[in-house]
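Trainee: Letter by letter, the chains look like this.
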Amino acid sequence: MTLLLSVLEQGFIYSIMALGMYITYKILDFPDMTVDGSFPMGAAITAVMISKGVFPILTLPICFLAGGIIGTLTGLIHVKFKVRDLLSGIIMMTALYSLNLAIAGRANLPIYNMQTIFDNSLFDSLIPGDLKAYQTVLVIAAIAILTKLILDAYLNTKSGYLLRAVGDNETLVTSLGKEKGLVKIVGLSIANGLVALSGCLFAQQQRFFDISIGTGTAVIGLASVIIGTSLFKRISFFNITTSVVAGALIYKACVAIAVRLGLPSSYLKMITAGLFLLILVIGKDKKKKVKAI
Amino acid sequence: MIELRKISKNYNPGSVNEICLFKEFDFTVEAGEFVSVVGSNGSGKTSMLNIICGNIEIDQGEILINGQDITKMKEFLRHRRIGRVFQDPSKGTCPSMNILENMSIADNKGKAFNLSRGTNKQKTEYYRGLLRPLNLGLEDKMETQVGALSGGQRQALSLLMSTMTPIDILILDEHTAALDPKTAEIIMSLTDQVVREKKLTTIMVTHNLRYAVEYGNRIVMMHEGKVILDKKEEQKSILETEEIMNIFNKISVECGN
Numbered sequence: 386m387t388l389l390l391s392v393l394e395q396g397f398i399y400s401i402m403a404l405g406m407y408i409t410y411k412i413l414d415f416p417d418m419t420v421d422g423s424f425p426m427g428a429a430i431t432a433v434m435i436s437k438g439v440f441p442i443l444t445l446p447i448c449f450l451a452g453g454i455i456g457t458l459t460g461l462i463h464v465k466f467k468v469r470d471l472l473s474g475i476i477m478m479t480a481l482y483s484l485n486l487a488i489a490g491r492a493n494l495p496i497y498n499m500q501t502i503f504d505n506s507l508f509d510s511l512i513p514g515d516l517k518a519y520q521t522v523l524v525i526a527a528i529a530i531l532t533k534l535i536l537d538a539y540l541n542t543k544s545g546y547l548l549r550a551v552g553d554n555e556t557l558v559t560s561l562g563k564e565k566g567l568v569k570i571v572g573l574s575i576a577n578g579l580v581a582l583s584g585c586l587f588a589q590q591q592r593f594f595d596i597s598i599g600t601g602t603a604v605i606g607l608a609s610v611i612i613g614t615s616l617f618k619r620i621s622f623f624n625i626t627t628s629v630v631a632g633a634l635i636y637k638a639c640v641a642i643a644v645r646l647g648l649p650s651s652y653l654k655m656i657t658a659g660l661f662l663l664i665l666v667i668g669k670d671k672k673k674k675v676k677a678i
Numbered sequence: 069m070i071e072l073r074k075i076s077k078n079y080n081p082g083s084v085n086e087i088c089l090f091k092e093f094d095f096t097v098e099a100g101e102f103v104s105v106v107g108s109n110g111s112g113k114t115s116m117l118n119i120i121c122g123n124i125e126i127d128q129g130e131i132l133i134n135g136q137d138i139t140k141m142k143e144f145l146r147h148r149r150i151g152r153v154f155q156d157p158s159k160g161t162c163p164s165m166n167i168l169e170n171m172s173i174a175d176n177k178g179k180a181f182n183l184s185r186g187t188n189k190q191k192t193e194y195y196r197g198l199l200r201p202l203n204l205g206l207e208d209k210m211e212t213q214v215g216a217l218s219g220g221q222r223q224a225l226s227l228l229m230s231t232m233t234p235i236d237i238l239i240l241d242e243h244t245a246a247l248d249p250k251t252a253e254i255i256m257s258l259t260d261q262v263v264r265e266k267k268l269t270t271i272m273v274t275h276n277l278r279y280a281v282e283y284g285n286r287i288v289m290m291h292e293g294k295v296i297l298d299k300k301e302e303q304k305s306i307l308e309t310e311e312i313m314n315i316f317n318k319i320s321v322e323c324g325n
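So the protein sequences, as listed, match chains A and B.
Adding 385 to a residue's 1-based position in the first sequence gives its number in my numbering.
Adding 68 to a residue's 1-based position in the second sequence gives its number in my numbering.
Source of the hints: derived by calculation from the structure; they are not laboratory data.
Do not rely on the hints blindly, as some may be mistaken.
As the list claims (entries may be wrong) - The calculated lysine-lysine pairs, modelled on BS3-like cross-linking and capped at a C-alpha distance of 30 Å, are:
1. A:467 with B:304
2. B:267 with A:533
3. B:159 with B:179
4. A:411 with A:654
5. B:177 with B:140
6. A:543 with B:159
7. B:140 with B:159
8. A:465 with B:177
9. B:267 with B:304
10. B:191 with A:543
11. B:142 with B:74
12. B:140 with A:533
13. A:543 with B:304
What the hints assert, rightly or not - The following label-pair restraints were derived from C-beta to C-beta distances:
14. A:654 with B:141: 48 to 58 Å
15. B:197 with A:620: 48 to 58 Å
16. B:83 with A:530: 54 to 64 Å
17. A:480 with B:275: 45 to 55 Å
18. A:567 with B:261: 34 to 44 Å
19. A:443 with B:128: 56 to 66 Å
20. A:416 with B:308: 52 to 62 Å
21. A:443 with B:69: 53 to 63 Å
22. B:110 with A:469: 28 to 38 Å
Claimed, not checked - Covered by chain B, according to a simulated footprint, are these stretches of chain A (three or more residues, beta-carbon under 8 Å):
23. 536 to 544
24. 562 to 568
Predicted, not measured: the structure shown is a model, and the values here were computed from it.
Every residue gets a Cβ at the ideal spot worked out from N, C-alpha and C, and that includes glycine.
Let the sequences and hints guide you as you build the complete structure.
Mentor: As structure tokens, this is what we get:
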């Protein structure tokens, strides 16, 4: 039961990050490494704010905005300075390592015994006593689902259409009299906003910030997106963002099972990478078979 | 009206591979003209289109549209008044979006892409009405992803999308070259219909000499960055495909290809 709860909690937290990666990787076709820095940045900002006693709900919009600024910078580096997509992200990721240390003041910042988004006076009074054990997972799921619904709604606006068009066919966006670079920057900023938001929830659930939590974020995100989009492709009532959220949950479950089976947790990043490789290889096999038919 | 004044363009300037494409090139298209441009590979046809659209920067000269100098205007800004259909049918549409979504982004050209809803019922009916005359059955496939359509269907959609909003100029860049002969015929007659209906100033680059002779009210042949044949209205109407073919063969032989 505890295992299931922790999978659901972490899965939903990472699903918000995966939704961000879905924008960059699937829609924009931009392998964005910035997330390895913007995820812990969300966590760092949150840890500092919580330890200063800021009301927890405020951490969410602030982290989203901070992530948005970081995404904008990655976009500017790529669009204005014409640096390749992968390199733009790596530059930002490296710079963010120092920035995150500066924000948190040190490499590890615990926030035990403080009010968090899952455990504060407001929610304590709202959620009845017999659901207390599930309070954390309920709040996380609510935030993740709400984020998904807002993203769905956005992708169906005119601005959202343009974002989808730019990844699909840049030439068309130019033909429509719009600057494609600007649309990409908007996409990157929303994506990194979501990633920082995910980092914000992560810090509050784990009750600490650590400089190393960002390592492998991009891999986890990509794995979730690929699992989700390839597993649920044929299920019509699962739209693509739902598939991504489900992908994140499945991915976290796989990792949890691997640890449960006795793999030492110090090998966590190895498992993360190994699973991702496995998914890529399986995904490729499938494509080949389809072609052979 | 499009005016190209004393356009000069060199590729790889200052190196051994320097190629002079245009030298003091002048070209004018009057408002309402439908010009077919023919010429062998490397004659500068497509480069001329790219220069008008802003894909290629020029070394010297001026580009004017309806009297306004657009030489320094950015590519995406120029396109607010230009519609363009490419040789590759996939360049004019978004493959992962459905027909309805594709048409709504095209319909929104020149307006703000804000947070209002992308489509609504009323619009859907309007788009169906636009698709019906194409006789390709697209009006019943509004929810189909454009990537699943055939090249001809996509090109018809591209043509429709690029002429949905008011534009000053229509640029057709070998837009039937990637299609089978029958589909090419359909797209070509559709093009003629749209150009007549909307009285568009049009430049069509084509390798099909018959189309060049049959359609439009002006024909231009280019060779090594120069206009070597230019016939309008009555002069053009007495021109035969064979005649053009002969001139075309002659310059090709001179070049050794």
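Trainee: A separate judgement is required for each hint: does it hold in the structure or not?
Mentor: To see whether the hints hold, each was checked on the structure:
Pair hint residue 467 of chain A plus residue 304 of chain B does not hold up; C-alpha atoms about 47 Å apart against a cutoff of 30 Å. Taking the CA atoms of residue 267 of chain B and residue 533 of chain A, the gap is near 46 Å; set against the 30 Å cutoff, the hint is violated. Under the criterion of a C-alpha separation no larger than 30 Å, the hint pairing residue 159 of chain B with residue 179 of chain B is consistent with the structure, at around 21 Å. A distance of roughly 24 Å separates the Cα atoms of residue 411 of chain A and residue 654 of chain A; the hinted pair therefore holds under the 30 Å criterion.
At roughly 22 Å between alpha-carbon atoms, residue 177 of chain B and residue 140 of chain B fall within 30 Å of each other, so this suggested pair holds. Proposed proximity of residue 543 of chain A and residue 159 of chain B is supported: the alpha carbons are some 20 Å apart, at most 30 Å. Distance hint between residue 140 of chain B and residue 159 of chain B is fulfilled; the C-alpha atoms sit about 25 Å from each other, no more than 30 Å. A hinted pair counts as satisfied when its Cα atoms are at most 30 Å apart, and residue 465 of chain A with residue 177 of chain B qualifies at roughly 24 Å.
With a C-alpha separation of about 19 Å, the suggested pairing of residue 267 of chain B with residue 304 of chain B holds against the 30 Å cut-off. Our distance criterion of 30 Å between C-alpha atoms is met by residue 191 of chain B and residue 543 of chain A, whose separation comes to about 13 Å. Between residue 142 of chain B and residue 74 of chain B, the direct Cα distance comes to roughly 20 Å. Compliance with the 30 Å bound is thereby established for this hinted pair. For the hint linking residue 140 of chain B to residue 533 of chain A, the alpha-carbon distance of about 43 Å lies beyond 30 Å, and the restraint is violated.
Distance check on the hinted pair: residue 543 of chain A and residue 304 of chain B sit about 45 Å apart at the alpha-carbon level, beyond 30 Å; violated. The hinted window of 48 to 58 Å between residue 654 of chain A and residue 141 of chain B holds, with their beta carbons roughly 50 Å apart. Against the hinted window of 48 to 58 Å, the Cβ-Cβ separation of residue 197 of chain B and residue 620 of chain A comes to about 34 Å, which falls outside the hint. At roughly 59 Å, the beta-carbon separation of residue 83 of chain B and residue 530 of chain A lies within the given 54 to 64 Å, and the hint holds.
Separated by about 51 Å at the C-beta atoms, residue 480 of chain A and residue 275 of chain B satisfy the suggested range of 45 to 55 Å. Judged by the Cβ atoms, the range 34 to 44 Å given for residue 567 of chain A and residue 261 of chain B holds: they are separated by roughly 35 Å. Evaluation of the 56 to 66 Å hint for residue 443 of chain A and residue 128 of chain B yields a pass: the beta carbon distance comes to about 58 Å. The hint said 52 to 62 Å for the Cβ distance between residue 416 of chain A and residue 308 of chain B, and at roughly 56 Å that hint holds.
Distance hint for residue 443 of chain A and residue 69 of chain B: a CB-CB separation of about 58 Å, consistent with the stated range 53 to 63 Å. Look at residue 110 of chain B against residue 469 of chain A: about 31 Å separates their beta carbons, and that is inside 28 to 38 Å. Here the segment 536 to 544 of chain A counts 5 residues with a CB under 8 Å from a CB of chain B, which clears the bar of 3, and the coverage holds. With 4 residues having a Cβ less than 8 Å from any Cβ of chain B, the segment 562 to 568 of chain A passes the three-residue criterion, so the hint holds.
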